[in-house]
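Q: If you read the sequences in order, they're chains G and Y. If you count the first sequence from 1, you need to add 10 to reach this note's numbering. If you count the second sequence from 1, you need to add 613 to reach this note's numbering.
Derived from the structure by calculation, the hints contain no laboratory data. Honestly, I wouldn't trust all of these hints.
[What the hints assert, rightly or not] Looking from chain Y toward chain G, a few residues come up when the C-beta cut is under 7 Å (computed):
#1 GLU694
#2 ASP759
#3 GLN763
#4 GLY824
#5 CYS842
#6 GLY950
#7 ARG951
#8 TRP972
#9 GLY996
#10 ASP997
#11 ALA999
#12 ILE1007
#13 ASP1008
Glycine included, C-beta positions come from ideal geometry on N, C-alpha and C.
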Amino acid sequence: MTRKLRIAHLFPDLLNLYADRGNILALANRAKWRNIDVQVTPIRLGESFSILEHDIVLLGGGSDREQAIIGRELKQYVPEFQQALENGMPILGICGGYQLLGKYYAAPTGEKIPGLGILEMATESGTTRLIGNVVIEDPKTGQTIVGFENHSGRTYHSYDPLGIVKVGHGNNGEDQREGVRCHNLIGTYIHGPLLPKNPYLTDEILSLALAYRGLDGELEPLPDDLEHLAHRTMVERLLQGSRSG
Amino acid sequence: MILGIWAGKLTQLLLRLLKRRGTSLPGLVALKVAPHLLRTLGKQLESCILVTGTNGKTTTVSLLREILRHDPEHIWISNAEGANMTQGITACFLQACNVFGRLKAKHAVLEVDEATMPQVVPYLPVTHVVITNVFRDQLDRYGEVDGTIQKLIQALQDASVHLIANGDDPLVHYVAMQTNCRTSYYAMEAHSRILKQHQQIRDGAFCLYCGHELEYEYFHYGQMGLYRCPHCDFAAPVPMFRGMPQQEGLEIRTDEQEFLLRTHIRGLYNKYNVLAAASAALLQEIGAEGIQKGISAYQPMQGRMQIFTGTPLRILNLIKNPTGCNSVLQTIDEDPGRKTVCVAINDYDADGRDVSWLWDSDFETYAPGLQAKRFICSGTRAGDMAVRLKYAGIDPALITVEPNLKSAHDLAIQDTNLPAYFMTTYTALFPMQQIIEEGLKHDEKTPHRALIS
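Chain G with its partners taken away, still in its complex shape:
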């Protein structure tokens, strides 16, 4: 049976501050390379859509202004979101999209931008931006995830994190935790091209999505030499950098 996946890319016009297209390209290509049919649907502002008709939802990063617009737009979809989350749909929230999943984001102007409240999580604004390369480690597998963060928000929650910070700031610069995992939802400040350089995470999401759809989640390995080289180079450079300095 042909395996097929439907990816909803929410508001690519608005939530694409840091090259979130990279994440779509990683998911779509890695599925395609295994002969899995992929359909990516960009959802535009004002268009009505059903979350439950998809197998993966991607919420990218946006500026504060754009985030407020999206927050208002998505309010009507909260019950569906909640249901999808509990059914085990993989949801990926990046940066602004990650903050949006929580209860609110307190902007630097003092304005509280309400989030979707799907997670018991809140984001306060900090006085400085937390910027730089990041290496985190999945506490369960020991697998590293590498990328770049750039946020002024400090996010607090008591779910499992996506990883433990080895280099970088993470959720709030305090507790050495970065991102969130809840059911099959992943939220993270590692923005834009999170997935291309972390192919194991991409495959995990694809596999979960297939299982969510009731299909065989097994994925045959791909020749990932370039991805591993890019990943390893950054991990080695950053871990070395943090030890020596």
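Please arrange chain Y on chain G, whose structure you already have, making use of the hints.
A: Just chain Y, lined up with the frame of chain G:
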């Protein structure tokens, strides 16, 4: 102040003795010794034209400098090497003054980084400011594009400044409307290659006043085009200066006159620079003939389709943000033959430490059609670049990762029958240029065997 000048000049001298390029360091040293140096030197000027915006600053300033140079009455100081932050601008003033701090010129035309504008504008007698465009660029340094917009608005609160603004860019138009400055807009007219719709990232696709998606009659590139907000009265302004791209150059149209500027400068994005420079020159009451002379005298800057003649032909390009990168890819794509492409991506501070912009650049549209026999990825982020090309649909067998610039260069020119295109980020540009030049010198000494027989 004199101490600051001496410290700066000494640094300049030392750098020259060490044969090092230093466009900013002398300024940094001088400002450490005399923090108000820019203010003191700036006071001696009578007038100053600034060029700011994301892309096209260096080219626009260079064009404008060539045009203004043809008036022997005025000597203009300019930072045409592209050092556009406070230290770089100070360094450029240092070069233009004597050991007693006397400036040799009364006028300046300077490119200024958007984020640096608030630190520079108050200290110079600014008469005109050209704003080329506002795109996402080095987000790790500036934060979001909204931050850039706010910096520009903050810098431009002095109503005596006359803005020369790109009317095709809704973000630039918004900046101009948020100031009290008198504004003259320039814009491109609809030409045969305009796009009715496109998928490129648009930074300004939404109305900054009311948040509604802007409606476009057509696009030039990026968010540039004829736009209006369907909800409020924000719409593209009526331009004073209009450009019409032609095969042999750019036609400039105003209510009073029309004239063709002949230029070999390639790419629509560069024609915008010509239009911006011509608009600024027309406001300085320089006529068509004077503008043409300047444009003809203009030499493309380092890394702006800079051609090195040799075997093989080597062409060097700076890339630093998605729109600029797309424009370079588009221009390489116009060369129909097979070629070698070498992309060197560094992630030092001056490059931007975040390389996620590579994923916003449209490699999928251009890379597979470039007819590249081989892609060589270099620089500190060679691996990232290789992954980017793979996910853009390039066969990994055609991709070589070689972080070392010299080795990457040598691989790129191995195939002497194919022109080698080099695309590099800022900190790899000058090293690569040197490597190319040394390679060519070496070729001269050891002529190609085929040529002897």
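Q: Each hint: holds or not?
A: Each hint, compared with the structure:
no., hint, result
1, GLU694, "violated (28 Å)"
2, ASP759, "holds (5 Å)"
3, GLN763, "violated (11 Å)"
4, GLY824, "holds (5 Å)"
5, CYS842, "violated (14 Å)"
6, GLY950, "violated (27 Å)"
7, ARG951, "violated (23 Å)"
8, TRP972, "holds (3 Å)"
9, GLY996, "holds (3 Å)"
10, ASP997, "holds (5 Å)"
11, ALA999, "holds (5 Å)"
12, ILE1007, "violated (10 Å)"
13, ASP1008, "violated (11 Å)"
Checked against the numbered hints above, the structure violates hints 1, 3, 5, 6, 7, 12, 13; every other hint is satisfied.
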